[in-house]
Each structure stands twice: as structure tokens, then as C-alpha cells.
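Position one of the sequence shown corresponds to residue 649 (my numbering), numbered consecutively onward.
FYI, nobody ran anything at the bench for these hints, they're computed from the structure. Just so you know, even glycine gets a beta-carbon here, dropped at the ideal spot from N, CA and C. Take these hints with a grain of salt, some might be off.
To be verified - EDC-like cross-link-like pairs, simulated, lysine to aspartate or glutamate; straight-line CA separation at most 16 Å:
1) K809 / E850
2) K908 / E952
3) K809 / E773
4) K951 / E903
5) K691 / E702
To be verified - Pairwise CB distance ranges, derived in the manner of DEER restraints:
6) V936 / N806: 41 to 51 Å
7) P937 / G866: 39 to 49 Å
8) V940 / V846: 28 to 38 Å
9) S732 / P937: 19 to 29 Å
10) P883 / L682: 53 to 63 Å
11) V846 / P825: 52 to 62 Å
12) N727 / E903: 46 to 56 Å
13) K809 / P883: 16 to 26 Å
14) R949 / S801: 15 to 25 Å
15) G811 / S732: 18 to 28 Å
16) N806 / E933: 30 to 40 Å
17) E933 / T703: 56 to 66 Å
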Amino acid sequence: MGERSCSQESQRLSSIKLVPQILCSNLVESGQDLLEIDMSVKKLVEDLESTSIETQRGAAAKLRQLARHNVGNRVIIANHRAISLLVNLLQSTDFETQENAVTTLFNLSLDGNNKAAIVNAGAIEPLVHVLWTGNPEARENSAAVLCSLSSISENRVNIVKSGAICPLVELLENGSPRGKKAAATAFYNLSLSRENRVMIVEANAVCHLIELMDPATGLPDKAVAAVLANLASIPEGRTAIVNAGGIPVLVEVVELGSAKGKEFAAAALLHICINSRFCGMVVREGAVPPLVVLSQSGTQRAKEKAQQLLNFFKQQRRADADADADADAGRE
649 MGERSCSQES QRLSSIKLVP QILCSNLVES GQDLLEIDMS VKKLVEDLES
699 TSIETQRGAA AKLRQLARHN VGNRVIIANH RAISLLVNLL QSTDFETQEN
749 AVTTLFNLSL DGNNKAAIVN AGAIEPLVHV LWTGNPEARE NSAAVLCSLS
799 SISENRVNIV KSGAICPLVE LLENGSPRGK KAAATAFYNL SLSRENRVMI
849 VEANAVCHLI ELMDPATGLP DKAVAAVLAN LASIPEGRTA IVNAGGIPVL
899 VEVVELGSAK GKEFAAAALL HICINSRFCG MVVREGAVPP LVVLSQSGTQ
949 RAKEKAQQLL NFFKQQRRAD ADADADADAG RE
């Protein structure tokens with residue numbers, strides 16, 4: 649999910665107007681004059697090392713445009729050792745240069761072969777720096793790069809250790825819709841590693857995730873419900889979800905959400921019901937009728953989760969009835 653969602657975001661990155669004629673999209677897409685393009689990329693990469701901020705800014709802008717849509721261009725740019733230079737520019741005090749550098753890295757990260765090169769160039773900590781200090785678009789695109797990199801399991805713990813959680817939570821709370829989606833998707837990837845889940849919960853991410861379940865935010869319910877399902881697998885996550893008012897929100901998604909949203913919401917509720925007290929709260933929120941419907945008409949995984957929940961409720965009722973009977977017998 650993580651990598652696909654990040655890739656979709658590339659379609660919405662800003663374009664740069666000033667691009668040499670030889671780099672126009674029609675020429676690039678037709679595959680003509682590859683040698684000339686290669687030479688132009690080489691010159692742009694050299695300009696990244698210029699002492700002139702304007703030259704660096706312009707070169708990063710043109711590389712950003714080149715890497716935006718064309719897979720071949722991403723290979724050429726990476727082959728000309730641009731990645732390490734772009735990583736250096738993440739520390740630039742010129743906001744436009746920083747934005748162009750981080751957006752170029754995001755576009756390059758869409759090529760799976762470049763992910764390792766970006767990490768090996770020491771990009772993670774500078775990306776977190778951009779999350780804290782960049783302009784709004786740079787921060788969003790930094791989150792998108794981290795989302796892309798976190799689709800590889802080996803990178804997840806290092807991203808968290810580098811301090812990414814707190815600025816991602818801040819973006820989750822105050823970012824644009826695109827920034828919030830990038831942060832939520834990054835949290836999904838990061839939460840796939842169990843050791844990261846407690847830290848995500850402790851950073852107060854849960855309450856903001858639940859707020860984003862509101863349809864008015866325009867965020868796909870599956871993007872958030874998937875994170876909550878992962879966090880609900882640990883006791884701290886279950887408690888945080890309940891305390892933040894997450895049960896009625898998840899029940900509503902089971903009833904009215906998208907097919908995948910229903911599936912993830914049911915998975916989250918199943919984890920929550922490990923706690924018998926929380927299980928009673930789920931039932932009281934009216935979860936049974938929509939779960940019955942879901943058990944008959946959802947995705948295969950959603951059907952299984954819904955049926956497990958319904959069976960769990962039956963077992964809970966039997967256990968409660970037996971406990972009441974034992975109590976009555978004791979009084980006699």
C-alpha cells in the first residue's frame with residue numbers, strides 16, 4: 649500500500665516553467681537525442697555544486713521537472729551522482745532550493761533502484777530536517793520521500809530513530825490535505841514494524857488519525873483505518889484509540905466506509921475487543937448490525953474479521969451469562 653500511495657502523489661507535484669527546449673516532455677517521452685539529454689543532465693548536476701545559490705536553485709528545479717514523469721530520466725540523473733548532491737541541498741537555507749531538492753528526491757525514489765541509493769547517501773536525517781524547517785510544500789514532499797523509503801522494511805526503524813515521528817504528527821495535525829495523506833501513509837508503513845508502534849502512540853498520533861476519519865477531511869478512510877488497525881494490535885494503541893473516541897468512528901466506517909476502509913476498521917475493532925471492557929463498548933455502539941452485513945458482503949478479509957468479531961461477541965455473552973449464573977448460585 650505504502651509505495652503505491654506515494655507513487656500516486658507524484659502526479660500532483662508542482663511543475664517548473666523554465667526548462668530548456670531539449671528537455672521538453674515530448675522530446676523526453678519520444679526517447680530522442682538521449683545523448684544530448686545525458687549531457688544536459690551532467691551539466692545540471694555540476695551546477696548543483698556551484699557556489700551560486702541561484703545556479704543551484706535553477707539546476708535543482710530543472711532536475712525536478714526531468715525526474716517528474718520519465719523513468720529513463722530518473723536513471724540518467726541517478727547515474728550522474730545527483731542523489732548525494734541533492735541530499736546535501738536538503739540543508740540549504742534557500743527554501744526554494746530545498747523544496748526543489750526534496751521534490752527531485754521524491755521523484756527519484758519512485759524508481760525502486762534509487763531507494764537504497766537515497767538512504768545510502770545519508771538522506772534520512774536531512775529529510776527529517778526538512779520536515780521541521782521547510783516551507784509547506786517541501787515538508788509535504790519530505791513526508792512523501794519518507795513514505796516511499798519506508799515501503800522497505802529495513803528503513804523503518806532508522807526513520808523513526810532519526811526523529812521523524814513528531815514532525816509527521818505535526819503535519820498530520822496542521823498540514824494540507826496532501827500533506828496529511830502523505831503523513832498518514834508514512835505512518836502506515838512505519839507501523840508495519842511492531843517496534844515503532846508504541847512510539848507512534850506516545851507521540852499522540854492516534855487522536856489526529858481519528859480526526860482524519862471524518863469524511864469532511866476528504867482523506868480516504870482506508871489510509872487512516874489501516875494505521876489504526878496496526879496500532880490497535882498493542883495495548884497502548886487500543887487504550888489510545890478508545891480514549892480518543894475511536895470506537896464509534898470505527899463502527900461508522902464498518903457501516904458506511906469504502907470496502908478497504910471497512911476491512912481495516914473491522915481489523916482494528918477485533919484487536920480492541922481483546923479487552924473485554926472495550927468489547928462491551930463496541931457492542932453498545934451498535935457494531936453488530938453492520939458487522940452482520942459485512943460478514944456477508946465485504947472483501948474476503950473483511951468477511952473473516954467481521955465473523956470473528958461476531959463469534960467473539962457470542963462467546964462474551966455466554967461467558968457473562970455463566971458468570972451471572974454462578975453469582976446467583978453463590979447467593980443461594
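Quick rundown of the hints versus the structure:
1. K809 / E850: holds (14 Å)
2. K908 / E952: With a Cα-Cα distance of about 13 Å, the restraint between K908 and E952 holds, given a limit of 16 Å.
3. K809 / E773: At roughly 9 Å apart (the allowed maximum being 16 Å), E773 and K809 satisfy the hint.
4. K951 / E903: This hinted pair holds, its Cα atoms lying about 13 Å apart.
5. K691 / E702: holds (15 Å)
6. V936 / N806: 41 to 51 Å: Holds, at about 43 Å.
7. P937 / G866: 39 to 49 Å: violated (27 Å)
8. V940 / V846: 28 to 38 Å: Distance hint for V940, V846 holds at roughly 34 Å.
9. S732 / P937: 19 to 29 Å: Between S732 and P937, where Cβ atoms are some 57 Å apart, the hint is violated.
10. P883 / L682: 53 to 63 Å: Holds: the Cβ-Cβ distance is about 56 Å, inside 53 to 63 Å.
11. V846 / P825: 52 to 62 Å: violated (28 Å)
12. N727 / E903: 46 to 56 Å: holds (52 Å)
13. K809 / P883: 16 to 26 Å: holds (23 Å)
14. R949 / S801: 15 to 25 Å: holds (21 Å)
15. G811 / S732: 18 to 28 Å: holds (21 Å)
16. N806 / E933: 30 to 40 Å: At roughly 39 Å between Cβ atoms, E933 and N806 fall inside 30 to 40 Å, so the hint holds.
17. E933 / T703: 56 to 66 Å: holds (60 Å)
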